[in-house]
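Chemist: Chain B: place on chain A using the hints.
The primary structure of each chain is shown beneath.
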Amino acid sequence: MINTPDKKKVLVVEDEPLIVALLSTALTARGYEVTIAEDGEKALELVSKILPDIILLDLMIPKISGYDVCKTIKADDQFKSIPVIAVSALAQQIEINRALTAGVQEYVIKPYKMSALLEIIRKYV
Amino acid sequence: MAKEKVLVIEDDVNVSDFCFDALTGEGYEVEVVSSGENGLALLQDKPYNLALVDLHLPGGMDGIQILKEIRIKFPHTAVIIFSGVGKIEIAVESMRLGAYDYITKPFSVDELRFVVDRCLEQQRLHTEVGGLRNIKNLYKVSIMMSSLMEVEKVLDMILKLAGDMVHADSGSLMMVNEKTGELTIGVSMGMSRYIAKNVHLHSGDRIAGWVAKTGEALLLTDRPDTLPQFKDIETNPKIKSSIVIPLKSKDKIIGVLNINNTGSTYTFTQQDFELLKELAVDAAVAIENAKVYERLKEIDTLKTQFISMVSHELRTPLTIILSSVENLDDGIFGELNLEQHRWIKEIGTSANRLNTLISDILDLSKLESGQTVLKKESIKLSDLIQKNVAQLSQLAKKRGLTLKFTPCPKCITILADPKKIEQVLVNLIDNALKFTPAGGSVEVTMKPGEKDEIIVTVADTGIGIKSEYLEVIFNRFQQLKQSDTPEGNPQGVGLGLAIAKEIVTQHGGRIWAESEPGKGSRFIFALPIEEQRND
Numbered sequence: 019m020i021n022t023p024d025k026k027k028v029l030v031v032e033d034e035p036l037i038v039a040l041l042s043t044a045l046t047a048r049g050y051e052v053t054i055a056e057d058g059e060k061a062l063e064l065v066s067k068i069l070p071d072i073i074l075l076d077l078m079i080p081k082i083s084g085y086d087v088c089k090t091i092k093a094d095d096q097f098k099s100i101p102v103i104a105v106s107a108l109a110q111q112i113e114i115n116r117a118l119t120a121g122v123q124e125y126v127i128k129p130y131k132m133s134a135l136l137e138i139i140r141k142y143v
Numbered sequence: 351m352a353k354e355k356v357l358v359i360e361d362d363v364n365v366s367d368f369c370f371d372a373l374t375g376e377g378y379e380v381e382v383v384s385s386g387e388n389g390l391a392l393l394q395d396k397p398y399n400l401a402l403v404d405l406h407l408p409g410g411m412d413g414i415q416i417l418k419e420i421r422i423k424f425p426h427t428a429v430i431i432f433s434g435v436g437k438i439e440i441a442v443e444s445m446r447l448g449a450y451d452y453i454t455k456p457f458s459v460d461e462l463r464f465v466v467d468r469c470l471e472q473q474r475l476h477t478e479v480g481g482l483r484n485i486k487n488l489y490k491v492s493i494m495m496s497s498l499m500e501v502e503k504v505l506d507m508i509l510k511l512a513g514d515m516v517h518a519d520s521g522s523l524m525m526v527n528e529k530t531g532e533l534t535i536g537v538s539m540g541m542s543r544y545i546a547k548n549v550h551l552h553s554g555d556r557i558a559g560w561v562a563k564t565g566e567a568l569l570l571t572d573r574p575d576t577l578p579q580f581k582d583i584e585t586n587p588k589i590k591s592s593i594v595i596p597l598k599s600k601d602k603i604i605g606v607l608n609i610n611n612t613g614s615t616y617t618f619t620q621q622d623f624e625l626l627k628e629l630a631v632d633a634a635v636a637i638e639n640a641k642v643y644e645r646l647k648e649i650d651t652l653k654t655q656f657i658s659m660v661s662h663e664l665r666t667p668l669t670i671i672l673s674s675v676e677n678l679d680d681g682i683f684g685e686l687n688l689e690q691h692r693w694i695k696e697i698g699t700s701a702n703r704l705n706t707l708i709s710d711i712l713d714l715s716k717l718e719s720g721q722t723v724l725k726k727e728s729i730k731l732s733d734l735i736q737k738n739v740a741q742l743s744q745l746a747k748k749r750g751l752t753l754k755f756t757p758c759p760k761c762i763t764i765l766a767d768p769k770k771i772e773q774v775l776v777n778l779i780d781n782a783l784k785f786t787p788a789g790g791s792v793e794v795t796m797k798p799g800e801k802d803e804i805i806v807t808v809a810d811t812g813i814g815i816k817s818e819y820l821e822v823i824f825n826r827f828q829q830l831k832q833s834d835t836p837e838g839n840p841q842g843v844g845l846g847l848a849i850a851k852e853i854v855t856q857h858g859g860r861i862w863a864e865s866e867p868g869k870g871s872r873f874i875f876a877l878p879i880e881e882q883r884n885d
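From first to last, the protein sequence lines are chains A and B.
All residue numbers for the first sequence refer to the working numbering, where the first residue is 19 and numbers rise by one.
All residue numbers for the second sequence refer to the working numbering, where the first residue is 351 and numbers rise by one.
These are calculated hints, taken from the structure and not from any lab test.
Calculated cross-link-like contacts (lysine-lysine; reagent style DSBU-like; alpha-carbon spacing at most 30 Å):
1) A/Lys131 x B/Lys748
2) B/Lys695 x A/Lys141
3) A/Lys89 x B/Lys769
4) A/Lys131 x B/Lys737
Chain B is faced by these chain A residues, among others (derived, beta-carbon under 10 Å):
5) Glu34
6) Leu36
7) Ile37
8) Leu40
9) Thr43
10) Ala44
11) Ala47
12) Met78
13) Val105
14) Ser106
15) Ala107
16) Leu108
17) Ala109
18) Gln110
19) Ile127
20) Tyr130
Fair warning: this is a prediction, and the values are worked out from it, not measured in the lab.
The beta carbon of each residue, even a glycine, is placed where N, CA and C say it ideally should be.
Next up, chain A with everything else stripped away, as it sits in the complex (with noise of 0.2 Å):
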């Protein structure tokens, strides 16, 4: 695979463990470097850290929810560049809504097909 300096940086923020599994492997076998974060708090602070070249973000995710994630992101001037791409299991209107009002740049719902979301990153990055 490939292997090189500049790798892209794609930040996972997912709490359910075989699906960080699943899709970490399948990213790296496609030469992004990867890096998890299981709950809203954990995902500002290696925002900040890592300074990722996108982000992957579940909705409902423990002590920050993903919409209040995107938001501070957003309104913050060093990261706002950052695309963050929604990958939740709601799937109604209003839940789509209120995460582009966050300001997320896609939204993708589980279960997604793993080619359109490999698609979508590469849109981006």
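Modeler: Using the frame of chain A, we list chain B on its own:
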């Protein structure tokens, strides 16, 4: 029409005889008494339309006192005063107290007839207007019985109508708690809020409790403690008269209607009592219906929340299954042999079907509960169909089918929700592709209908549907058994058609199917053109 009754209260025999002759000649039923006490006694016995009252009478009561008494106790009897010369001030005072008119003695036959006729004519009109208003109010309650309203709103309307019908100035509607049997005030008017909030009566307590317990309606025109069952209770001395009626639904008492007169001089009549008893029958039905409606709304909300929650919970494990399948299929966990490949694909297909089903259930439940608001806009239907046919043609090719679309020469814009109409199209085309054997074709056409509508047809050369199933296939989870179809192996349960039907119906359109076994099926929907043609 029965003769109108006139009571003459006059001690001067010359005058009373004169009146008797003049008015009897006019067709009225006339009775004469010489004192106020006798006059009131007669009024107590039967209703009179009019009383002619002399100002000066022997005995304890003068004309003004009699007038006051009649206005309070017999409000439906009009009063005309006879006054002597030089008593103009008293005559004017009597008008202020509610007399219809006064005549100065001596008077002629014509004068008397003129005043009496005019008075009774006005009374007739007044009665008719009152009757019409009561019919209107009863009608309003019967409308309420079948309309969808919250309980509190229904209670409020009933109390207002009841009060309006009998000119009451205060009252309340008390409801029986189904579990404890206690009475509490649901809505009130003209009462202290503190009392309205804090009254709790047990069955049998006070007047309302007695009515709730016995199921008997009461007309109280005297102090309640004159009745043996209420002799020990303290009542509000301000209340001059009241009507208390139980609200019954299927022999069960669900509430009590209390209607009072406090400040006013009006006393409720037997007619008021009958009217409110009539109203109470419909009111009870309206309240029960409103309760059922509220409960249904509650259940509906719970159902929607439940479905939303369940679909979220189901999507998480599905994500794990489908991601595993994709990773395995991509060889990320090592190479698979052919057999493993095949079964991994099957797991993926089934999991995807489950996923579609979850989305469909959620969609349908939102459509059916009215939570889906159509976002209508002006759309070119042919463009929308073209786009979807193009997207599905890949799938058709894979199955060895041809899919084509013949647009209508006149391109018509309609007012519709494009996403929802797209869902209808995809469901119909997808079904057609599914039930048509390789080598066949699916064709989408559109044309203007007879009325202001546009008709879209999805025709296939598939296995067809027996006529007895053409309607039921639009029901939820209706799948044709293999034996019901001429040949082939139908798969995938239909929530798709139920969703399509719901969407089309909500657009004010129609959807149906036509088929002859062996010759394929046609699924047709018609949408109303809500906008001008746009050529």
